[in-house]
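Student: Letter by letter, the chains look like this.
2 protein chains.
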Amino acid sequence: MGSTKKAASKKKFVYFFGNGKAEGNGTMRDLLGGKGAGLAEMTNAGVPVPAGFTITTETCNLYYANKRKVPVGLDDQIKTNLVKLEKAMGKKFGDPKNTLLVSVRSGSKFSMPGMMDTILNLGLNDVTVQGIAAATGNDRFAYDSYRRFISMFGSVVLEIEKDIYEKALSAKKRELGIKLDTDLSADDLKDLVMKFKKITREEAGKDFPQDTMTQLNMSRDAVFRSWNNDRAIYYRKMHDIAANLGTAVNIQAMVFGNMGNDSGTGVGFTRNPSTGENVFYGEYLTNAQGEDVVAGVRTPNPIAKLEEEMPAVFKQLHGITKRLEKHYKDVQDFEFTIEKGRLYMLQTRAGKRTAQAAIRIAVEMVKEGLISKDMAIQRVLPKDLDQLLHPIIDPKADLTVLAKGLPASPGAAAGKIVFTAGDAVRWAEELDEDVILVREETCPDDIHGMEVSKGILTARGGMTSHAAVVARGWGKCCVAGCEDIKIAEDGKSFEVNGKTFKEGDWISLNGATGELLEGKVQTMDPELSGEFAEFMNWADQYRKLKVRANADIPRDANKAREFGAEGIGLCRTEHMFFAEDRLPHMRAMILATEEEARHEALRQLLPMQRSDFKGLFDSMQGFPVTIRLLDPPLHEFLPKREELMLEVAKLEAANPDAPELEEKKKILSRVQELHELNPMLGHRGCRLGISYPEITEMQVRAIAEAAAECHAEGNKVVPEIMIPLVGNVLEFKDQKEIAERVVNEVKKEKGVKFDYQIGTMIELPRAALTADEIAEQAQFFSFGTNDLTQTTLGFSRDDAGKVIACYEEKKILKKDPFQTIDVAGVGQLVQMAVDKGRMARPNIKLGICGEHGGDPASVYFCHKVGLNYVSCSPYRVPIARLAAARAALEEKLAAKKPKAAKKKPAAKPAKKAVKKAVKTVKKVKKAVKKAVKKAAPKGK
Amino acid sequence: MGSTKKAASKKKFVYFFGNGKAEGNGTMRDLLGGKGAGLAEMTNAGVPVPAGFTITTETCNLYYANKRKVPVGLDDQIKTNLVKLEKAMGKKFGDPKNTLLVSVRSGSKFSMPGMMDTILNLGLNDVTVQGIAAATGNDRFAYDSYRRFISMFGSVVLEIEKDIYEKALSAKKRELGIKLDTDLSADDLKDLVMKFKKITREEAGKDFPQDTMTQLNMSRDAVFRSWNNDRAIYYRKMHDIAANLGTAVNIQAMVFGNMGNDSGTGVGFTRNPSTGENVFYGEYLTNAQGEDVVAGVRTPNPIAKLEEEMPAVFKQLHGITKRLEKHYKDVQDFEFTIEKGRLYMLQTRAGKRTAQAAIRIAVEMVKEGLISKDMAIQRVLPKDLDQLLHPIIDPKADLTVLAKGLPASPGAAAGKIVFTAGDAVRWAEELDEDVILVREETCPDDIHGMEVSKGILTARGGMTSHAAVVARGWGKCCVAGCEDIKIAEDGKSFEVNGKTFKEGDWISLNGATGELLEGKVQTMDPELSGEFAEFMNWADQYRKLKVRANADIPRDANKAREFGAEGIGLCRTEHMFFAEDRLPHMRAMILATEEEARHEALRQLLPMQRSDFKGLFDSMQGFPVTIRLLDPPLHEFLPKREELMLEVAKLEAANPDAPELEEKKKILSRVQELHELNPMLGHRGCRLGISYPEITEMQVRAIAEAAAECHAEGNKVVPEIMIPLVGNVLEFKDQKEIAERVVNEVKKEKGVKFDYQIGTMIELPRAALTADEIAEQAQFFSFGTNDLTQTTLGFSRDDAGKVIACYEEKKILKKDPFQTIDVAGVGQLVQMAVDKGRMARPNIKLGICGEHGGDPASVYFCHKVGLNYVSCSPYRVPIARLAAARAALEEKLAAKKPKAAKKKPAAKPAKKAVKKAVKTVKKVKKAVKKAVKKAAPKGK
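Chains A and B are the protein sequences, given in the same order.
For the first sequence, counting from 1, position 415 maps to 415 in the numbering used here; every step adds exactly one.
For the second sequence, counting from 1, position 415 maps to 415 in the numbering used here; every step adds exactly one.
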């Protein structure tokens, strides 16, 4: 080991920073660790951080190479640097008159939360504590700091269980009959210091060291040891960090803002984080330490006051923070302390901000030339745009959270509780009340009641339940699957955590968080700023994906246009059938036993549908409109089975001769006939159109006649007819033949020519698996990822709430697959369908119309697999636009960095591999298909 | 065209056959067509077919080359051959005294049902008809033949609509007030002949030709023309048959069995087609024509009688048919006619036979050295074995079919109708009645009632509905989804096609056909012959797939062993919980609000489950047993929601103070909590074990304790623990960890060491898509193709009956995908999972336990994709064994025929392509996975 010692003794183990100069710099992360390099960089940049020094990572490696002993020469270098530190700070380590205290922190190349806790106030002992008390004029502060240091040192360095100190503290408080630590007096704390020292002696078998140099060296060694504690090893393993990097040790002077009226402490932002306005923003306290701000005993002053009290310090602070903003090209959130007129910056980091502020800051920084548009786009999170488009809970309001459900549709609302759609309509329209509709779950029957309510609360159902989807489409606030509320049997009240709420009581909802709030809470309406439009305009220049909206009626379509939608990706025709004037015809059609009666009901519906489509075409002038043919099972249009059963049973018991009984029984009988155990997998989608071709005929005729009218008026609409739930190309062909025939009939009748497309939803695994066959027939695919998720994962979206919650808790699922697309499963099928579809029909149009179309992470996926567009609720259109822009930008940036890529060998082959893989996959698709066909059963 | 004529005149256009010698032979299919070559071959082989001649296919091509004119010289050759024919038959064409009649048939190289109808009795005219009448002594026969010939000639040759003749016939019958053609007298028929000739004149614009040579030439030309009629062109297109092959024309003498007592006609088999016994078998009528046998006016004699009546003819017939059997190496079904003591063979073909006969014949023919074992295996259809294993409807019974449902479980049963499981138990056990349980659909609650019933009839549900699956498991007859029966509201009767059946009325079921039969129909029990065992033994030597059974209780397991099962592929543990002594504990567990109460209920269930498993292990000595952990949603163990709602509502109305009301409401409340809109996609499978780990713990403990007991007793069982409904490897890991911990605990407690495996069902698309990840954790996969079909196709098996029926009718589906695996969709996923699974774990054990495991076509698929075993209901085990053998045999034979393969270029690359494709697929799997991962959303 002699040679090691010798070599080591010549090495530079310690790098100093302070007084505006550092021996290291920002590039030396390998040697000084991330934290040490950062401190050196800040110091060199003229930021007045408290002085200190860093012991290198190499030293740590030598410590391990040398059987856990520090190399010879280190102690000397530490002593030398300590002297420099004392000089820089004008204090002395261990000197009771003018005490220098230090912090000790670990710091490796990569941030490792698994490593050592920070030790603060190192240098305190029975003597120096009195010096601090005198300097701050605050006995209580000094002894509180001391008792904290002892327990920190005991637990971190001597490995005594923290709990033992905590218990002694609790016992003391119990003895005094007080609850808060802040209620302890200076004498109480002195007593605790005695107790803590006793614990340390008993547990560690030796006294708490009074020698400050011993404290320092022991702490240094504890940092080295922490590199190989269980937590750190586990963390490195999890994050693939090499074990031979070692950790540095940072020793830095402590500063105090409570050393008189020329001292103080504060926090601030370089711009207003709430509005984004470019003003210096913050608050501070004179003669105070950080803890005082947190304890909330004194009210801090606005930062402007500092300019009056200490103009030089203010000017210096303002200058430094502006420089930091320029340096980091972002709003800075900083902490500072003034010790006897001298400013120290303790921390600076990118400031958190509201979405409104984020946009304004990004736009203004671009104009100031501080950042590029690329950077501006990266600065705003798509999901935060929700805040801008919906009302929010007044941030100043006092809240009582009663329960938490799923944040199914953003926004905030307050209203009186109603329990039925009928009551909602009556209260809202006749009595002009604000109401919140509370239901176990909603169904299409409830549509009108949902429409007049301020918000919707359901006890069951997930992020893509009926209530959630409909509410999001309208931009209406909804909390779904709030399992804690128990609706009473009579349906006139609900209970939540022991409290009962009756019809007419006020409640409020926060759709952004899923919170159910007690009483009437103030909400604030959104305002769209000029910067918003400008920012979105920039975003649009980046994206490759088109963004369309899911909209069923002109009102929603217009809203979607306002938000920048470039067409309708999904019009659900069934939503139109629930309107009051149509439902009777729909029911007549379903109840018809003769074909002629069914045709007659459809004839009644035809002109209504035609005018629906005409309205959509009109509001979407020049943009494509995709219309999906009838999708839900027919029983959705009839009363609910169990309700009808109960009604009939009650009626039979009470009044068996009631004239309505016969009719109700007839309906019940049809409802029973149509009843399905798993309606999601039942008689719906194109299966309806195949069983009842006359429904397809009527709907296609309505589309074609509306298109003909538009063309006659000069609006060259190109309707896209979408056949739902296709799993077999023959289903598609069946419906396509009907559609083509009817469109041709209408063209002839009206003497108008127009283009149209016929395509399908890809929403069953089998459709994705056989997408090549389907693409030979279909002109476009729209991925219905809601249903595709249901079938691929075997999760009913209406029932999955509880299971998904349990899975998220158990870390089986990272994200709700109904919110963010499941890439490994559903995504694999989408990728397959994209490849097979394009192989069979290279110009096929590909889009997505599931709820994922408005989820940023899913939009990213859609961009990556190369869809043509995404379609989402009108209120999510801006989110999708921004997410699409960011996906395209990220791709552009990644393509620009070939050098960086070379440095990281792991990342290098990725893009090429993707391309190559996709190519190879395409090649073997045919072979696989052949192979599978070969393996097909023959008639045995 | 001169040259064509010249060339043609030298050509041989006509080939004669007759008198034991033919100019052509069996290899001349190109020139003589399939039929012509066959007739030549039979003639050369000494089979006395009526003489005739064949006009070659070349002639047909010359006809077309020559603007639809026959080549010069043809007419002469026909005349020459006609003279030979007259000589051979001892009759003269057009001679009223001794009339030769002929048939004219088309016949190309490949059989083409799309071509021309046969013309019979050609040569009849107003004069010869009298000759036939005299020769047969049967005016009626002669004129009936004549009127048939006129209409046939008119429609086929003169292209008059057949309907016009039919209408005239109908008018005649109406006029006479008779219903059947056989009621027409000779005079009526003479009158019809007049009418038919008139029609012919009016429609064709010319008289029906009385000249027999004209009849012949016109018919010949009609055959040539028919080569290019629409039907034939369409058929060729569909079957990829070249248009330039041309058709031959076969002209053959007609013979008559009604020419006196030295004439006759009959049919026969070379062995008994019902039992397989090697005896000459058949029946005949003296002085009769084929029609007489069909009309059923006279009772035919057994063939033995012919030996007395015409010993020489009998000997000749016996000799010929035995020779034919040897020649074709199969039982022959033949038709013959004796004309004035001369025997003619009209037809011979492979005879249809019962399954019992098929096996006996195959086994005996192997022993006789007539066929190889390979051939024997190919001679028996797996699905026909069902006949051997279940009772059948007595073939002699008179049947009234009331309705047709799905043939859900084979067998036959008669019993009195009961409508509830409770009534079934009471009637069967207390009153000792045979009952048939009739339900809308069955649920696990009905199990005990199903068990005591002779058969089960449901109005709803498909081939894999609860009733179907359970019944097949027990080998019990079941007709499911019989939509025509309407069960009355009071549940005490049902209506079917206007008839009403009450509780206690007799009905019968044919599970093999799905027929519901009126009254008590006689059934016959099956008997398993020695040949059966021998045959199955041979089959076992071929197959590569192992065959296991799905069995839940020792009784079923023993049955499965009897049928040759090599283990249990699926034990559904939930079936055990429905037993009377267990359900209360199960319900207590589900209703428990405290964890402790749940644990207590589970403790009660533990010993019962342990003894269940012990029983299975005992009966499966030495064979593997796969036990699936609890799968169905918990609400299946509670009363039905709507029934409970009705009960509570009625009770509340009638007696609100009833003491049971509180309890019922409590259960209802839990049922409501557990209610799911789509239980198939709900809280079931491993999701239960993840939410309630204590259930998994109890079940695994029961398995491990039972295994420990077995090992202590010397039975080295290796239990396979199967985690159901996994879609995500983390689900599997969660349950695997619990299982491993519990097994280790038990091993320690009992001090016994034993091996076990933990694997999973692949029954969700996502499981197949991520099979590589799952295989890293799981030791085996069992494909649950029922659920995989449900999710991949989006069909609920309980609801799909109607849709699938509609799809089969519209030709969208060829086969019910719940019966035969959907290769293009579900099969693609299975293939993917097999490849990915083996890639990640080369020795992974792969099986199938869905209902497809007993379907021959699906077994073929399982063999092709290389599974290790199939598992099916005990009663389908022999079917699966034979199907597996045939799949392996087919592969072996295909591999042996490299020359044959070379001749058919289309088939050549198939096997190689499969191998290559599978290999390439494996290679790119990794690349694809990488690509998909790359495209994964990042946290935005």
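Any given hint might turn out to be false.
Copies of the same chain look alike in the list, so a pair counts if it fits in one copy or across any two.
[What the hints assert, rightly or not] Lysine to aspartate or glutamate pairs mimicking DMTMM-like chemistry, simulated, CA-CA at most 20 Å apart:
(1) 10 with 440
(2) 665 with 394
(3) 665 with 495
(4) 12 with 430
(5) 373 with 776
(6) 352 with 166
(7) 892 with 95
(8) 172 with 76
(9) 640 with 489
(10) 815 with 574
(11) 665 with 76
(12) 352 with 364
(13) 69 with 433
Rather than coming from a laboratory, the hints here were simulated on the basis of the structure.
In this text, all values refer to a predicted model and were calculated from it rather than measured experimentally.
Student: All the hints need checking, so say for each whether the structure fits it.
Tutor: Right, here's what the structure says about each hint:
1. 10 with 440: neither (76 Å within a copy, 92 Å between copies)
2. 665 with 394: Cα proximity of residue 665 and residue 394: none, with 51 Å in one copy and 42 Å across.
3. 665 with 495: This pair counts as between: shortest inter-copy Cα distance 17 Å, intra-copy 35 Å.
4. 12 with 430: neither (84 Å within a copy, 99 Å between copies)
5. 373 with 776: neither (42 Å within a copy, 46 Å between copies)
6. 352 with 166: Neither. Shortest intra-copy (33 Å) and inter-copy (91 Å) distances fail the 20 Å Cα cut-off.
7. 892 with 95: Classified as neither; 59 Å inside a copy, 95 Å across copies.
8. 172 with 76: neither (42 Å within a copy, 131 Å between copies)
9. 640 with 489: both (17 Å within a copy, 18 Å between copies)
10. 815 with 574: neither (30 Å within a copy, 31 Å between copies)
11. 665 with 76: The answer is neither: 98 Å in one copy and 81 Å across copies each exceed 20 Å.
12. 352 with 364: within (17 Å within a copy, 89 Å between copies)
13. 69 with 433: neither (77 Å within a copy, 92 Å between copies)
Hints 1, 2, 4, 5, 6, 7, 8, 10, 11, 13 from the earlier list are contradicted by this structure; the remaining hints agree with it.
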